[in-house]
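Peer 1: Sequence:
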Amino acid sequence: MLWRSIAVAASVAGVLATAPAAAAAPSPVSAQSWGAGNCPQGMLCIWPNWNHPPEGPTSTPSLTTNSEWTGNVPAFNFYNYTAKKAEITWSYTYLGTPLTGTICVVPGSDGDLYVPMYVIKVTWQPRSC
Numbered sequence: 007m008l009w010r011s012i013a014v015a016a017s018v019a020g021v022l023a024t025a026p027a028a029a030a031a032p033s034p035v036s037a038q039s040w041g042a043g044n045c046p047q048g049m050l051c052i053w054p055n056w057n058h059p060p061e062g063p064t065s066t067p068s069l070t071t072n073s074e075w076t077g078n079v080p081a082f083n084f085y086n087y088t089a090k091k092a093e094i095t096w097s098y099t100y101l102g103t104p105l106t107g108t109i110c111v112v113p114g115s116d117g118d119l120y121v122p123m124y125v126i127k128v129t130w131q132p133r134s135c
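At the far end of the sequence shown sits residue 135, using this note's numbering, and the numbering has no gaps.
One or more hints might be untrue.
As the list claims (entries may be wrong) - Beta-carbon label-pair distances, calculated as ranges:
1) Gly77 - Cys135: 19 to 27 Å
2) Pro104 - Trp56: 20 to 28 Å
3) Leu105 - Trp130: 22 to 30 Å
4) Glu74 - Ser134: 15 to 23 Å
5) Tyr100 - Gln47: 33 to 41 Å
6) Arg133 - Gly102: 33 to 41 Å
7) Gly48 - Pro104: 31 to 39 Å
8) Asn78 - Gln47: 24 to 32 Å
9) Thr99 - Gly48: 27 to 35 Å
10) Gly117 - Gln47: 17 to 25 Å
11) Val121 - Ser73: 22 to 30 Å
12) Pro46 - Leu101: 31 to 39 Å
Unchecked claim - Simulated pairs of lysine to any residue, SDA-like, Cα-Cα distance not exceeding 20 Å:
13) Lys127 - Asn72
14) Lys127 - Tyr98
15) Lys90 - Asn44
16) Lys127 - Gly41
17) Lys127 - Ser115
18) Lys90 - Ser115
19) Lys90 - Gly41
20) Lys90 - Pro132
21) Lys127 - Thr106
None of these hints come from the bench; they were simulated from the model. By construction, the Cβ of each residue, glycine as well, lies at the ideal position given by its N, Cα and C atoms.
Using the sequences and the accompanying hints, generate a full structural model.
Peer 2: As structure tokens, this is what we get:
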């Protein structure tokens with residue numbers, strides 16, 4: 007049993023030793039990502055509709071920003087092509103009741119808001135969000 011544990015530990019150490027170092031810039035496509043699409047590097051992009059071709063969204067984004075932003079744009083999916091953590095504040099009205107919330111988007115990641123909503127604010131977080 008001891009030899010088995012040592013063999014497993016050695017193989018894990020070998021894999022970790024040969025793994026590439028983390029890059030400072032986000033990757034344009036990850037295994038779970040649909041890609042940056044037409045989002046320029048260094049920007050957070052938000053698109054107003056469902057648009058997930060393999061290369062990423064190709065329609066015109068409703069918002070592209072790399073700074074603090076406040077306003078009101080339709081939103082459905084997003085891609086953070088920056089090296090910063092973005093906090094998106096969204097707004098949605100359900101059966102006459104206004105709802106708001108936030109979602110944290112780490113560098114190089116994407117996502118969607120499940121239903122069409124409005125993004126009303128983008129802030130950049132130095133800490134984990």
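Peer 1: Are the hints correct? Go through all of them and say.
Peer 2: Each hint tested on the structure:
1. Gly77 - Cys135: 19 to 27 Å: holds (20 Å)
2. Pro104 - Trp56: 20 to 28 Å: Holds, at about 23 Å.
3. Leu105 - Trp130: 22 to 30 Å: With a Cβ separation near 24 Å, leucine 105 and tryptophan 130 satisfy 22 to 30 Å, so the hint holds.
4. Glu74 - Ser134: 15 to 23 Å: This hint holds: roughly 19 Å between Cβ atoms.
5. Tyr100 - Gln47: 33 to 41 Å: 35 Å Cβ-Cβ, so the 33 to 41 Å window holds.
6. Arg133 - Gly102: 33 to 41 Å: holds (36 Å)
7. Gly48 - Pro104: 31 to 39 Å: With Cβ atoms ~33 Å apart, the hint holds.
8. Asn78 - Gln47: 24 to 32 Å: holds (26 Å)
9. Thr99 - Gly48: 27 to 35 Å: holds (33 Å)
10. Gly117 - Gln47: 17 to 25 Å: Since the Cβ atoms of glycine 117 and glutamine 47 sit about 18 Å apart, the hinted range of 17 to 25 Å holds.
11. Val121 - Ser73: 22 to 30 Å: holds (27 Å)
12. Pro46 - Leu101: 31 to 39 Å: holds (38 Å)
13. Lys127 - Asn72: holds (12 Å)
14. Lys127 - Tyr98: Holds: lysine 127 and tyrosine 98 sit about 13 Å apart, inside 20 Å.
15. Lys90 - Asn44: holds (19 Å)
16. Lys127 - Gly41: Status violated; Cα separation ~23 Å.
17. Lys127 - Ser115: The given pair, whose Cα atoms are some 18 Å apart, holds under the 20 Å limit.
18. Lys90 - Ser115: holds (11 Å)
19. Lys90 - Gly41: Distance ~17 Å between lysine 90 and glycine 41 Cα, so the pair holds.
20. Lys90 - Pro132: holds (7 Å)
21. Lys127 - Thr106: The given pair, whose Cα atoms are some 11 Å apart, holds under the 20 Å limit.
Checked against the numbered hints given earlier, the structure breaks only hint 16 and satisfies all the rest.
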